[in-house]
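Colleague: Chain by chain, the residues run as shown.
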Amino acid sequence: MSKNPKKLTGSEIVWECLIKEGVQVVFGYPGGAILHTYDALNKYSEKIHHVLVRHEQGATHMADGYARASGKVGVAMATSGPGATNMITGMATAMMDSSPIVCITGQVPSPVIGSDAFQEIDITGASIPVSKHSYLVMDISDLVSTIREAFYVARSGRPGPVLIDIPKDIQNATTDFIYPEEELSLPGYHPPKDVSEEYISKFASLVNDAEKPVILAGHGVLLSNACREVMELAEKSSIPIATTLLGIGGVPDSHQLVLGMMGMHGESWANNAIQDADLLIACGMRFDDRVTGNLKTYSPNSKKIHIEIDPSEINKNVKVDLAIHADLRTVLRHVNPHIKKMVRNDWLDIISGWHHDSKRRDILNLKSDKLHGAQAIRKIWEGTKGDALIVSDVGQHQMLEAQYYKHNEPRTLLTSGGLGTMGFSLPAAIGASFHEKDREIWVIVGDGSIQMTIMELGTAIQENVNINIAIINNGYLGMVRQWQQMFYNARYVETPISSPDYVKLAEAYGIQAYRVDSLENVIPTMEKAQKNAGPSLIEFKVEEHEVVYPMVPVGADLNDMIQRPFSDVYENGQMVEKETAK
Amino acid sequence: MKQTLITLVENKPGVLNRISSLFRRRNFNIESLVVGHSETDGVSRMTIVANEPNATKRGYIYFSLLKLVNVIAVKDVSSLPCVAREFILIKLNTSPEQLNEVNSVVKKYGARIVDMGNETVIIEATDEEHIINELIDGLMPFKITEIMRTGKIAMRRGRTHKVSSDKINAAPDDIEWKPEQISAYQN
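Just so you know, the sequences run in chain order A and B. Under this note's numbering, the residues of the first sequence are numbered 22 to 603, in order. Under this note's numbering, the residues of the second sequence are numbered 59 to 245, in order.
Isolated chain B (complex conformation):
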């Protein structure tokens, strides 16, 4: 099961290094990591997708992240209602005769052609990961020469949850980690 973590971090030099170093040395498999400015000065928001099937280890990832001094808060949103999106740019080698066909695939998936050269087009799309995957599959008959994906960004639906300091106590029935019960954002 993929684990999606939304993380608030201090925007200081080396923070990305600390997080990637943590994933490397703890042998956690990182699938994607997206970072950018948040609504607050000096604070960045990250969406990290980890690929760790073991529930105990998912808890370990969560708490190891939380432990980093520059990490302000972590929320495991894997099983929470979220808007999750990925952005992609795809370059195709095409001939003018194929353009109609390409266009129909692009339309079907709500993507756009953003650049047209003599023999190439660049397509952009923003959607959920599986739709992006389908788009790539749909374009396979044409010659894809470049793909650039951002990885997933996610935001919880509903009201904004206040970030507060963390207090974690695993409930007695928490034999399997349920990170959503041990939240860093307190509702």
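Chain A extracted, bound-state conformation:
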């Protein structure tokens, strides 16, 4: 600690603290109540890059995308009132998906708080249900400790969004800037550190005694950087792995033990394996209703181990036999040496038996004059060699991406899982691009979703970020249309949606744009987009009535899936198997 501390304003302290936290980029939008802080940015613009967004929701998704891609805390900034309320959706998205972001909002001057002043809103209160924690700084001397706490709370334990609301007069007040070096300790906040040996040996013996184990790999695998440890456990004991939507990428999809995604639109063999298992090893996942189906019949004969950093998730939906409240990586590092080497050929054979008719049900084998969304996404996988960072939005294309784009590396799929926030992908990809500067980035988004945050095309071109935007345009809010088709007698109420001419629109923004409506043009058009250094947009005109299969209807048993109807199987243009309807 220096003996002659600098006298700084609250605004300057904000930037100083961000620099101390290692922040390199802030996504935000100025306004009256945060103007002091923006004014001070001038002095720090060499150390921190500010990205001017088009809507504060975009700022939060960008911070979120940056956080998910990097594992670091993302930062969003906005003014009071509408600026702050626009952040609510982004905070809720980050909350549901455990993404560490810090949102800094300006507030009306402290003496007028509570008077309904211009652009005043109680964002500290309003953010309570959508944030891990929130702070209102009412004294300049609390500012440094508050910012430090906010970052610590956001990134530690189960990560999440934290809000700091700073009144205008606090931003303008001055104080000695002293940044303590010692570690933070909060009286009521203690993320778990270690795990007792007792649980490790119980864990190991459950695994060693099991005949039909399945690992359920969730977002926690990525958040605790336990990808290698999970694979080590799986390989040593020959355990198949099913992933959640957010767990995709945590384990390599190309690995023979990886079954793919579980749940509502998961692979049927993954769901069958879960239902048939005698041991589930749930790693950093929370048994969401979209992955369990009917809870009463969920994996009825299995013992369940749940390794989870958030104690309130344990036994919430599914009662478990062994609950370990700890960091996943720490647990697996302890347990792996106690796991016996095993080959479970019988169990793996049973699972591969469930693939038997999958080829005939695969949409990729469908002969059609029209381009299908799934085919376009599969081509994007081919055209990027499976190496791109994909940011998907919410809807049919999201599920098709999860099924048809195979991810082999962690943090290469970013998507809004828990909240299902339409409009997430474009801003999240812009955010991620500030971390993944060398990786190819593709946004896969529907025509409904893109129109929720399409204004961020402006941010993309102003920052000239190198992202490719693939709009899968079927003219419908496709997932809702699918539900109407299946459960509402095909009454398509308010799901046909018009689109602008995306190519013209992109060109108006100064973005290179292309349109594709046939399978053979996908790769050549992608290649054009890949050559652009800045943003590019491709509109894929696809079959309107595509349905995502397989599907577990809401409330049905996990293995009671609606399958895609059989179709002929073609290989290299030749029919190799005739459709035989059952």
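A few of these clues could be false.
[Stated by the list, open to error] DSS-like cross-link-like pairs, simulated, lysine-lysine; straight-line CA separation at most 30 Å: (1) A:337 to B:60; (2) B:70 to A:93; (3) A:324 to B:125; (4) B:115 to A:324; (5) A:552 to A:427; (6) A:340 to B:115; (7) A:233 to A:223; (8) A:28 to B:70; (9) B:70 to B:125; (10) A:362 to A:324; (11) B:125 to A:223; (12) B:125 to A:93; (13) A:552 to A:391; (14) A:361 to A:233; (15) A:337 to B:125; (16) B:70 to A:214; (17) A:233 to A:257; (18) A:223 to B:115; (19) A:41 to B:125; (20) B:70 to A:27; (21) A:93 to A:337; (22) B:115 to A:214.
[Unchecked claim] Computed footprint of chain B on chain A, listed as stretches where at least three residues anywhere in the stretch have a Cβ under 8 Å from a Cβ of chain B: (23) 135-149; (24) 201-212; (25) 328-338.
Simulated from the structure, these hints should not be mistaken for lab results. Quick caveat, the model's predicted, so the values are computed rather than measured. Every residue gets a Cβ at the ideal spot worked out from N, C-alpha and C, and that includes glycine.
Assemble chain B onto chain A, guided by the hints.
Modeller: The following block gives chain B in isolation, referenced to the frame of chain A:
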């Protein structure tokens, strides 16, 4: 079954809001909540009574509370030996002729008359919840015009348990939550 939780919280603005917001959004049924200063500066102690019959959900309430950053410790004392008390003020409309009768009820329950007006009396009592309920029943024949109850406050019997950081591991036989086994106060 009613669940009684003793909670230590940082005495900061908005903490009560965070706790009540948690109960509302998780759809937990809160029966009473009492908060006041504790023996430590900057720390308040709460007694929360929740009305949740489902054992799993009781565990969920416990851990959701514990998760809040401003909550220092939570102890589920539902089935532990405690001194539990509630305070009540009751206003009656009475005539002077009824006073003797009122007095006998008041004495029976160890309550006190703390104010007497021309036509009203105010009675105070401190006791366990069921005794308070009986007192109200006993006074029913008279015209009760106001009741103010504090809700339950509770304190564990025996020595003071040190508050320490929490470490929770559910035992394998913990199919049903037994919050007392997963204590935030370590004995």
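Colleague: Hints first: check each against the structure and report whether it holds.
Modeller: Here is what the structure says about each hint:
no. : hint           : verdict
1   : A:337 to B:60  : holds, 19 Å
2   : B:70 to A:93   : holds, 29 Å
3   : A:324 to B:125 : holds, 27 Å
4   : B:115 to A:324 : holds, 21 Å
5   : A:552 to A:427 : holds, 23 Å
6   : A:340 to B:115 : holds, 11 Å
7   : A:233 to A:223 : holds, 17 Å
8   : A:28 to B:70   : holds, 27 Å
9   : B:70 to B:125  : holds, 16 Å
10  : A:362 to A:324 : holds, 20 Å
11  : B:125 to A:223 : holds, 26 Å
12  : B:125 to A:93  : holds, 22 Å
13  : A:552 to A:391 : holds, 27 Å
14  : A:361 to A:233 : holds, 15 Å
15  : A:337 to B:125 : holds, 14 Å
16  : B:70 to A:214  : holds, 27 Å
17  : A:233 to A:257 : holds, 14 Å
18  : A:223 to B:115 : holds, 26 Å
19  : A:41 to B:125  : holds, 27 Å
20  : B:70 to A:27   : holds, 29 Å
21  : A:93 to A:337  : holds, 28 Å
22  : B:115 to A:214 : holds, 26 Å
23  : 135-149        : holds (count 3)
24  : 201-212        : holds (count 5)
25  : 328-338        : holds (count 6)
Hint compliance for this structure: every hint is met.
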